[in-house]
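Given next are the chains, with one letter for each unit.
Protein chains: 2
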Amino acid sequence: MTIGTIAFAGAGLDRADHLRSDPEAMAGLMDWRARLLKLDGLDPVIDPDGNLGWGTLADAAEDAELVFLGLTGGKACFAEVSPALLGSVAPANPRLWAAMSALESAELATYGTARALVDWHARHRYCARCGNPTVLAKGGWQRSCTNQVCKAEHFPRVDPVTIMLVEHEGRLLLGRQPHFPPRRFSALAGFVEPGESIEEAVEREVKEEAGVTVRDVTYVGSQPWPFPSSLMIGCHSHATSAELEVDKTELEEADWFTRDEVAYAMGGAEDGRFIAPPPQAIAHHLVKWWLAR
Amino acid sequence: MTIGTIAFAGAGLDRADHLRSDPEAMAGLMDWRARLLKLDGLDPVIDPDGNLGWGTLADAAEDAELVFLGLTGGKACFAEVSPALLGSVAPANPRLWAAMSALESAELATYGTARALVDWHARHRYCARCGNPTVLAKGGWQRSCTNQVCKAEHFPRVDPVTIMLVEHEGRLLLGRQPHFPPRRFSALAGFVEPGESIEEAVEREVKEEAGVTVRDVTYVGSQPWPFPSSLMIGCHSHATSAELEVDKTELEEADWFTRDEVAYAMGGAEDGRFIAPPPQAIAHHLVKWWLAR
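Chains W and U, in that order, give the protein sequences. For any residue, its number in this note's numbering is found by taking its place in the first sequence, counting from 1, and adding 194. For any residue, its number in this note's numbering is found by taking its place in the second sequence, counting from 1, and adding 194.
The shape of chain W in the complex, shown without the other chains (with noise of 0.2 Å):
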């Protein structure tokens, strides 16, 4: 069983890669034809439609970035790198939020690729290896040092998260973080580091944050998540006890939930034992996956 389409996968977009290492074809795509996605920050524009919002290339600004999106309908697509945005950090938003809730799928994913890749452009303007400038190559796919001595090729960052869900005796584990909102429980989650494996990331992560140890770590399913740049994957566990120690640096609190307590809230309820995650979210999908089971 598998989990089905989640917010943020799913584009209807052909990425065409090779398109983006042919500079002629690129300024080729580059004409009136072009759609411009706009973007107010790295938020979304929806237009009356409920749909996304796009312009031409000549709404860009003049000293703007283009990042080459894809092809759809024959018509190339291009996110601008607004000069407005360099160095600064977006959050997520209410605002956000709710057009998340509004946009189809496919839109939702063409959204969350552009956010990606147009707040990458913003906080890496400079070479990591000599600090020299960079500028954007390949259709915004890579960056290139403009130092003719280093010339490091800089590429999108996309950073493997896992998410899981752990269970024992029918009941499951969920932590809350200190930012969610009120009541608000989720599936566990951390970075996978350099020298792991995804079923090594979840037994640490686990460990860590709640002190628990798990077996038979298992992939459920995966999502890219745009804030700012995470792969969500998602996987499912047994722990060997029930026993928990809570990071509270990590956590502000963490519990095991029995299968009744998760189906009423995942039904939507706000009075139960806990508030569900949100259905863009990955975990809210893991869960359902095991309330299915």
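The hints are simulated quantities; they were obtained by calculation from the structure and are not laboratory data. Be aware that a few hints might be false.
[What the hints assert, rightly or not] Restricting the straight-line Cα-Cα distance to at most 30 Å, the calculated cross-link-like pairs of lysine-lysine (DSSO-like) are:
1) U:Lys442 with W:Lys269
2) U:Lys332 with W:Lys442
3) W:Lys269 with W:Lys232
4) U:Lys401 with W:Lys332
Assemble chain U onto chain W, guided by the hints.
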């Protein structure tokens, strides 16, 4: 069925994450009892017993940065970011492959963690946001910008890469990259990009590299691969047709191989249709898993 233990996974070290953020604890660990991993450039130094060579912190260059790898048997283990490495690029080499065959599994994993981290520090000396110098922080699991207006925090990269078996009517699709040893074929692979799930990355890569449409992508297993910082995510998929259109900029050749041809090569034979991927690579384990099913 899982694919079992793979090279570079399964380090015996306790990463002791809680100590990294505690400068006092970190300083306390850096005494005469601490162990320093011996490295020759980025290659391991093997002692006469065939184990990883270790020294003490007294062996480190005076101006070296030290990366905290974790604890083992009550001892803190470090690796040195030698000033000689800064800005350099060190590809895998024959001496390294020999060491990889010699080292026992947990030691290889410890080395892989050290290599990925040390290499990252050596190639990330400046702040990508503002161009100012950065300094090692949190025991080497972070670098911090020294510009007090910027103060950006940077974390070691882990780049997710999909590597996939593609099957059609009992035959397996394998390809060879131009830099492979003669007659070696392996599973197709490619980086996961911003805005796509693992499953979508598999579909896109196989389409781009071999012109083949796949369905039913499933996860098989994962492996950290420190050349320089990949997380290999092994998958299986079914092709909807056997017709190939190979992208010659990515692959020198790709073709379908029968179960018998694959089994013969995996037995170590070098006189079959192709030479199998080496046992250190996850591709080897994926193919072994496929044969055993």
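Hints and how they fare:
For the proposed pair lysine 442 (chain U) and lysine 269 (chain W), the alpha carbon gap of about 26 Å is at most 30 Å, so the pair holds. The straight-line distance between the Cα atoms of lysine 332 (chain U) and lysine 442 (chain W) is roughly 18 Å, inside the 30 Å bound, and the hint therefore holds. Taking the CA atoms of lysine 269 (chain W) and lysine 232 (chain W), the gap is about 16 Å. The hint holds against a cut of 30 Å. In summary, the hint linking lysine 401 (chain U) to lysine 332 (chain W) is supported, as the alpha carbons are separated by about 20 Å, within the 30 Å threshold.
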